[in-house]
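Residue numbers (our numbering), protein chains in the order written: chain W, 1 to 342; chain Z, 1 to 342; chain A, 1 to 328; chain D, 1 to 328.
Take the hints with a grain of salt, since some may be wrong.
Here are the simulated lysine to any residue pairs, SDA-like style, with alpha carbons at most 20 Å apart [what the hints assert, rightly or not]: (1) D:Lys254 / D:Arg323; (2) D:Lys254 / D:Ala309; (3) A:Lys254 / D:Pro289; (4) A:Lys181 / A:Val123; (5) D:Lys181 / D:Glu222; (6) D:Lys254 / A:Pro289; (7) D:Lys181 / D:Glu227; (8) A:Lys254 / D:Glu280; (9) D:Lys254 / D:Glu324.
Hints in this document: simulated from the structure, not taken from any laboratory.
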Amino acid sequence: MATGDRVDLLERYQHGRHRELGLTDEDVRRMYEVMLLARRLDERMWILNRTGQAPFAISGQGHEAAQVGAAWALDRERDWIYPYYRDVALVLVWGLTPRDLMLQLLGKAADPSSGGRQMPNHFSSRRLRIAPQSSVVGTQIPQAAGTALASKLEGTGAVTLVTFGEGATAQGDFHEGVNFAAIHRLPVIFFCENNGYAISVPAEKELSVPDVADRALGYGIPGVTVDGNDPFEVYRVVREAVERARAGEGPSLIEAKTYRLLAHSSDDDDSTYRPREEVEAWRQRDPLPRLAAYLKEHGLADDADLQALEEQVRQQVDDATEHAQAAPYPRAEHLLDHVTGP
Amino acid sequence: MATGDRVDLLERYQHGRHRELGLTDEDVRRMYEVMLLARRLDERMWILNRTGQAPFAISGQGHEAAQVGAAWALDRERDWIYPYYRDVALVLVWGLTPRDLMLQLLGKAADPSSGGRQMPNHFSSRRLRIAPQSSVVGTQIPQAAGTALASKLEGTGAVTLVTFGEGATAQGDFHEGVNFAAIHRLPVIFFCENNGYAISVPAEKELSVPDVADRALGYGIPGVTVDGNDPFEVYRVVREAVERARAGEGPSLIEAKTYRLLAHSSDDDDSTYRPREEVEAWRQRDPLPRLAAYLKEHGLADDADLQALEEQVRQQVDDATEHAQAAPYPRAEHLLDHVTGP
Amino acid sequence: MPVMTLIEAIRHGLTQEMELNPRTLVLGEDVGVRGGVFGATRGLLERFGPERVIDMPLAESSIVGVAIGAAVAGWRPLAEIQFADYIHPAMNQIINEAARIRYRTNGDYTCPVVIRAPFGGGVHGALYHSQSVEGLFYHVPGLKIVIPSTPYDARGLLRAAMEQEDPVLFFEHKRAYRLVKGEVPEEPYSVPIGPAAIRREGRHCTVIAYGLMVHHALEAAERLSREEGIEAEVIDLRTILPLDRETLIASAQKTGRVLIVHEDNRTGGVGAEVAAILAEEALFYLDAPIRRHTGPDAPAMPFNPVQEAAFLPNPYTIADQIRELVRF
Amino acid sequence: MPVMTLIEAIRHGLTQEMELNPRTLVLGEDVGVRGGVFGATRGLLERFGPERVIDMPLAESSIVGVAIGAAVAGWRPLAEIQFADYIHPAMNQIINEAARIRYRTNGDYTCPVVIRAPFGGGVHGALYHSQSVEGLFYHVPGLKIVIPSTPYDARGLLRAAMEQEDPVLFFEHKRAYRLVKGEVPEEPYSVPIGPAAIRREGRHCTVIAYGLMVHHALEAAERLSREEGIEAEVIDLRTILPLDRETLIASAQKTGRVLIVHEDNRTGGVGAEVAAILAEEALFYLDAPIRRHTGPDAPAMPFNPVQEAAFLPNPYTIADQIRELVRF
Ligand SMILES: Cc1ncc(C[n+]2csc(CCOP(=O)(O)OP(=O)(O)O)c2C)c(N)n1
Ligand SMILES: Cc1ncc(C[n+]2csc(CCOP(=O)(O)OP(=O)(O)O)c2C)c(N)n1
Ligand SMILES: [Mg+2]
Ligand SMILES: [Mg+2]
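The following block holds chain W by itself, in its conformation from the complex (with noise of 0.2 Å):
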């Protein structure tokens, strides 16, 4: 997992190399916020659950690059996501709020996603177009095989992307997904958050080729593994599947090399199966750091700004945390409400 340095490298080459691909100022700006929102909301997750008020987490700590990058490459209005567990900064830019995700993390009533009823970070809203997710890993992605088909018989241009971990790669469903969405050629992206392991296990054990990418051979699509902690590239490899898609060529597989910095979830003690050094050396490579660097490098802030934003971010995270303190659990009564209809 080199790529990362082999991109720093570049990067010092490479001046504006957001301009390049066509993204604004503005846009590496706010993606950087959202990166930073989505971290800060997660470390305070994480708190509220190591002081025993939140009885679960679960962490996207690592892979707010990659979400980030390929958000920016869909269209917010008109495309569908099928997110996973660890996608908070991706369900950001689709317009989940951080109350709303707060509102989850607590069980509480008004949680847009659930009622209160799924646990944290169990995305969902149709009005944005955010599918419906389980906890089940790797059932979405034949779902969202089905709703580029929807898109495909409407030719309205729409594409999905449908996140997942590599370890999902290895579910009966991920290859009948990924196989029919390529006969019918459908305008989907089957977007990978590879970060090593599924909970414990390497991937070594998951899969018997060096990348996920190349799971995309025996399916005839277009396999591109990418930095995961480089947004940009992220965006450029995302915005060229987009291109596929909408031009009616078809799915593409993409895999984002990350790691999640810290362990499974709040349940889980990674120490036992990450070596440390490990971890410390992804600490290195954390896409945050990195891309504020990128921001002061290339004039788009300075450090004042980001402490400005920071204690902006702060203040989001604050009032999410509060309103969602505040907000009442559903009630008893509503336990079987919306089972079936009439």
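Mind docking chains Z, A and D with the ligands on chain W? Use the hints.
Positioned in the frame of chain W, the structure of chains Z, A and D with the ligands alone reads:
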């Protein structure tokens, strides 16, 4: 699917190809004999069906060379097979008899595979290391990986051959089984009898790659496409796969391109979905006359020998038919036997 | 009104559904050029084209998964599982996904997917072409399960399934496909999901059945009426989930004697729930123990004709059960 | 005798099983270096090596499929499904394959696969980490289903499961893992699959439960005995399939009043079959309608504490039910 022609050409230049592969003359005669027996048995099954004596028949006609070529590359004394419903020739090599198959066709108590419980061509024998087959397409694939895992742990060098159609490769179980076997480098051979259709669904609607063998790419294992109507070529590539497997180098995916000469089963009518010209063209490549010609060309048999063989096979088929017809059905009071043990 | 077989009524219904709503999709194995292995989708491809009539790869989980994704995006998928015996690879998508989408989004999303599958035995289909699988699903809140026994109901229930917003399992008895005939209106109509039908009134006992067994029960009841003066009430459940509790309870209270008949395995079958409901709600009206006459607890139906027949309830065995029940 | 929690008894049992038979394999997600997400397999990898303790890819169908293939070849796989909620992708391999192999080969093959899975709620696990799934399987002939409620039984039933030749589903209530403690002999022993246990004798009514609910029922029964003089008999099913009909019938005949308690959804749950058996076999002994006190027919348990608690039977609600039953 021009492989057939290519090999026909080759044949003209490679006299005695079987000897180069290490097959004796006797091997080739025996291969032909099994293929012929499988064909005539299969034909009789259809006759019994068409005359109302058997409720169902499902055909291996056209697939015989692929099956016999593969079977010859394995060791009947220690290797395992997970056959599917077209594998009449394969299981004949493995030790099931024409009587056994006819007993199952007619649902008789003495059917050794299932005691008259399963449909025709559902092969099974613990003694012969023929795995217990169901009708559910694809389920045998991870099971075969499990058996190969056992063999690996036992260190016996035994190899597992699992067969299926190209349609089966769309199933999640195909992916999960191959993925697991590839990760653990298990001694298993995934042998696809690609006849171009899953009932009526043509390969282009089951796969998005030209060859089933391409699916191997996603697992980093060898994928080989071979003319399934040429028993020697099949023998050659399977033998290579067997050697790899026994040497601990892991699984292979082999695709034998072939064709079913009849409808999917006695309940099917293929005239709606297969152009007659296509069927006719494949009839020209029928592996049986092709091998008969080879036998004659290489002085392994003359017309009289072939005639005698036909006669001997006819007697075997007659005997099997009469035996099965005379055999009793299972008794109603055994309906609940073998649901579970104590 | 034209007379149709069960399978014709379904074909007629599928065709009309495709006409009525341009967002209706048919998807399954061999549903295109082959028209389905039983012919249920014959003619649809020619009429509605390969965009809306999709021959799926041999992968049941994706048949349902793709249908769910299309439904989530506002389409109306009509998925076919070629045989109920092969619905198992899709159980995760059906139970963990389709059935929970409305609930898990607190009603924001619905998942209107209709999944048809031929089920049942008596056609020499053996262990994997004879299964009854409703017993595996009627325990799943969020689903609706429909099993029509007549062509009229088949068409009407299909309409009703397509009119509402929940996932529906629509099981069609394959031996009834050509055996059962009846009048079917040309124009679209719906038969509501939920209510059972009293197919025959009677005062001596209640027979509760569904699918092909309704016809066997009616045959038994007619014979017993003619020959022995026993008047059995025969109820056709039609909908397995939700069950029509009121009709069942009322009939049990009236006759005091209840026989439940199904082809599916006994333990944990639909009959268990029916018996439980009656043991809760009508206990003191019962003059005889509740009886279940069902497929036995064998994994499935053998191929050979002797054991296949031994597995299946038939008009004679049903008549025997009614006789014993009434004489209790 | 050492005192262990339920999870310790299981870990102890798994370790012993691996020692007792060198053909025993443990396979599942995170069972290796991580020792299982609940710690059930902790220490096994170190002790028995990666050949026999296999971290499987995230693919449940292959976990069971590979286990079947190993069993067919004479091995003894002990598969773990990380949460019962994720057993659904493996339903095809369990129901259509494992459960039918003995039957479909007329006894030539057996399929001795033991599949463990933590189930049940009350741990803020929400819709996908709280499910009870036994109701989806007890309808499947060919399977055995075991749900221990005590550490002693957990160890003994695991031994029994490994001693016999059929596929066994072994469900462990995850909230009971650390909550429930008890004595467990050091040496291997088995508790037979099949018989229920009468955990408390009583004459006023019978409470039938399994898993964690046994403990809630006992708590309710003790309180009612102390405070109100009501003596409830509490039966722990232990084995869901096959059911111990004799014990259930005898107790129902003795007390005349029956309450069935389970966490699983009501419709089509194990309680339905228990009620049906009693309505068939003990009808005229019943002095009150049979009652079921179960999880409601919601797709699964919500995350928020209010609705999670509302979903679950507890000692207070069970006591209420007993009171009403006895006063009927
Ligand atoms: C079908 C299924 N099996 C098991 C689990 C338990 N589980 C939750 S996340 C996870 C690991 C997922 O790994 P990966 O797909 O790589 O995603 P990551 O968490 O690493 O981002 C497992 C085993 C599950 N949720 N669903
Ligand atoms: C899981 C499952 N789904 C559907 C079927 C019905 N079915 C039986 S054979 C078949 C086609 C199989 O095609 P392929 O794998 O290419 O094998 P072939 O019959 O062509 O040799 C189908 C759909 C089945 N048996 N199992
Ligand atoms: Mg991962
Ligand atoms: Mg084929």
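Violated hints, by number in ascending order, as checked against the structure: Violated: hints 2 and 7.
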